[in-house]
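Student: Read off the chains here:
There are 2 protein chains.
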Amino acid sequence: MGSHGGRELVLSRRPEGQVTDDCFEVRHTEVADPPPGEVVVRTLWLSFDPAQRGWLNDVASYVPPVPLGAPMRAYGVGEVVATADERFAVGDLVHGMLGWREYAGGEPGPAGLGLEHLPAGLDDPKLALGAVGITGLTAYFGMYDVARVKPGDVVLVTAAAGATGSVAGQLARLRGAAKVVGTAGSEEKRAWVVEEAGFDDCLDHYGDRLFRRVGAAAPAGYDVVFDNVGGELLDAALGNIAIGGRVALCGSISTGYRPERPEVGLRNYPFLTTRRARMEGFLVSDFAERFDAARADLLGWVNRGELRTTDDVVEGLENAPATLRRLFEGRNLGKQLLHVADPGSAAGR
Amino acid sequence: MGSHGGRELVLSRRPEGQVTDDCFEVRHTEVADPPPGEVVVRTLWLSFDPAQRGWLNDVASYVPPVPLGAPMRAYGVGEVVATADERFAVGDLVHGMLGWREYAGGEPGPAGLGLEHLPAGLDDPKLALGAVGITGLTAYFGMYDVARVKPGDVVLVTAAAGATGSVAGQLARLRGAAKVVGTAGSEEKRAWVVEEAGFDDCLDHYGDRLFRRVGAAAPAGYDVVFDNVGGELLDAALGNIAIGGRVALCGSISTGYRPERPEVGLRNYPFLTTRRARMEGFLVSDFAERFDAARADLLGWVNRGELRTTDDVVEGLENAPATLRRLFEGRNLGKQLLHVADPGSAAGR
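If you read the protein sequences in the order shown, they are chains C and U. So that you can map any letter, position 71 of the first sequence is 71 in my numbering, and since no number is skipped, the others follow by simple counting. So that you can map any letter, position 4 of the second sequence is 1004 in my numbering, and since no number is skipped, the others follow by simple counting.
Please note that the accuracy of each hint is not assured.
Stated by the list, open to error - Quick partial rundown of chain C residues pointing at chain U, CB under 7 Å, derived from the structure: (1) 62; (2) 178; (3) 265; (4) 269; (5) 272; (6) 273; (7) 278; (8) 279; (9) 281; (10) 310; (11) 314.
Said to hold, decoys possible - Some chain U residues judged to face chain C by a derived CB distance under 10 Å, without partners named: (12) 1249; (13) 1267; (14) 1275; (15) 1279.
As the list claims (entries may be wrong) - In silico negatives: residues of chain U with every beta carbon more than 10 Å from chain C: (16) 1015; (17) 1117; (18) 1283; (19) 1342.
To be clear, the hints were calculated from the coordinates, so they are not data collected in a lab. C-beta: ideal position from N, C-alpha, C; glycine also.
Work out the full structure: start from the sequences and follow the hints.
Tutor: Shown next, in the form of structure tokens:
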């Protein structure tokens, strides 16, 4: 055992617009063998989520800002390389809040690294960050508990080629939605959304006449909107909401998650009144008590081929800031991941 | 009996901006004695509601537009002056969709005039258009069923000196709200809201620093927002919503209910996500099955002095367009009514 030397990326200054490489400093650290009750985890995969950009703002929100001088906060999958907690053995694969670092040491509980073992029956560990992880859980609770999709519903999912949107639309279909429409920003993505993820249609979410095009795809309106984009696209969705419609506000990638107010306001809000519709925001963390049951559902669908996923993988910890930028540049198809290392000790078991 | 000669105001052209007198034509009509199953009602009081401006747009909405050449649609209180329906006697006081006319003849059911007798125990008939009528019912279902106010909540009601807002805030207090904040556009109104309607505070909803002023009145945020205004004021409320907050979208007077899109968009919608809050529109007509029970509650509170109301009365049918304009000019304090006639036959009973 001894100590575990590796790199970490610490926040050196807060970004103003887009995240740039020089907001982070690469540091070499030595993580010592764990004191009693702690573990050391080697990072294998890191998850990239739009909300991370919000965590960099010096603004009180649902989680405290990442402090200057601290490693960037990030979900990840790792391998236990040293342990002084009997619940974890060397070689165990875990997921938790590992951060942008090659080795993470600490207390495994929710106040520390928040570690859990990968679910049994999961063949591909990186799915624990995507369709069977926070991303899939976000789609699950957003679509089922917030939007309350029901059989026969007409559904719109924005950013449908993204990790959350692609799962959300498929979950609507699994619950019996009559029509599932997506939006995405490139032809490649739109083809994937329809051909692989099985959406009925996928609209270009750039380009003009958004209101009309969103409306034309569902002439009787949308019973459910699962929104990851905000701005003009969300506004077009509000103007095409059905009577009794439900809008689940998952995220607002178009705002850049920057501290200033979004540039584009919602002007179609009076439709919420005339259509008796509801728009509701949510955070997946509020549903933590039901994560295990939901993960079992998601894993079952993935393993039976009823839920299709894809990943977008970048290599190397040093590329973490650029990988986060990809989300805001609309470049990722499916779950954006960074591959940091292969399992070592785990490989020998 | 014979026939009943009187005036009516028919829609002669659709307004583009504000309603003007020349959008309506005064016509003399003779309403004949009713055929079997119909009644003739003499209008005593007319109700003025912001939604009426929306009914003038040539846009499909939750009710069809008022047709050109037809009398303006309006709630009213009247007196039955001729009847061929055994449920109604001459002299009965009723409320229903009488329109801008001195005499209304027709079928009394929901597809016709929608007549109902005034509730028993109602001393002041015009309350059937205000706190014990559609206005009070709107406040009741919006505050209790949509916003779901509960004991201890901090509540914001916009346009709190208006007919609906003034009742909504008092209903929140009756349900045990910890703090009820209103907004209104004049010093006279703000004084009434605090001194008569018993709100804790009433903010000027014009003027600058709206976001800060709305926030300063409730540093921990608003659990409930009952919005009648929309626009910048609603946006300020969204930015000050508490975790788990509920925004009931009752109306949007700032939009003028014109066919074009509102000028001011909501830019604080991402707060709905980070605060896990909900914004929901509603129409009181969706709660029609529960009107009788709610009216009994409202009447009880009024009669016990627990619900304070005030009226703003204009005289003469010819002033109906100007009376509707008063709502959009922010001139009314309390329920805006037009007095058309005093009960005649009823007086002799």
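Student: For every hint, state whether the structure bears it out.
Tutor: Each hint, compared with the structure:
1. 62: It holds, given that the least Cβ distance between residue 62 of chain C and chain U is near 5 Å, below 7 Å.
2. 178: 23 Å, violated
3. 265: 2 Å, holds
4. 269: 6 Å, holds
5. 272: The hint holds - residue 272 of chain C has a Cβ within 7 Å of chain U, the shortest such distance being about 4 Å.
6. 273: 3 Å, holds
7. 278: 4 Å, holds
8. 279: Interface hint status for residue 279 of chain C: holds (5 Å vs cutoff 7 Å).
9. 281: Constraint on residue 281 of chain C satisfied, holds at 3 Å.
10. 310: 25 Å, violated
11. 314: At 27 Å from the nearest chain U Cβ, residue 314 of chain C fails the 7 Å test, so the hint is violated.
12. 1249: With a closest approach of 5 Å, the residue 1249 of chain U hint holds.
13. 1267: Since chain C brings a Cβ to about 4 Å from residue 1267 of chain U, closer than 10 Å, the hint holds.
14. 1275: 7 Å, holds
15. 1279: 5 Å, holds
16. 1015: Given a closest Cβ separation of 17 Å, the condition holds.
17. 1117: The assertion about residue 1117 of chain U holds, with a minimum of 28 Å to chain C.
18. 1283: Label violated. Min Cβ-Cβ 6 Å, cutoff 10 Å.
19. 1342: Its Cβ never comes within 10 Å of chain C, the nearest being 36 Å, so this holds.
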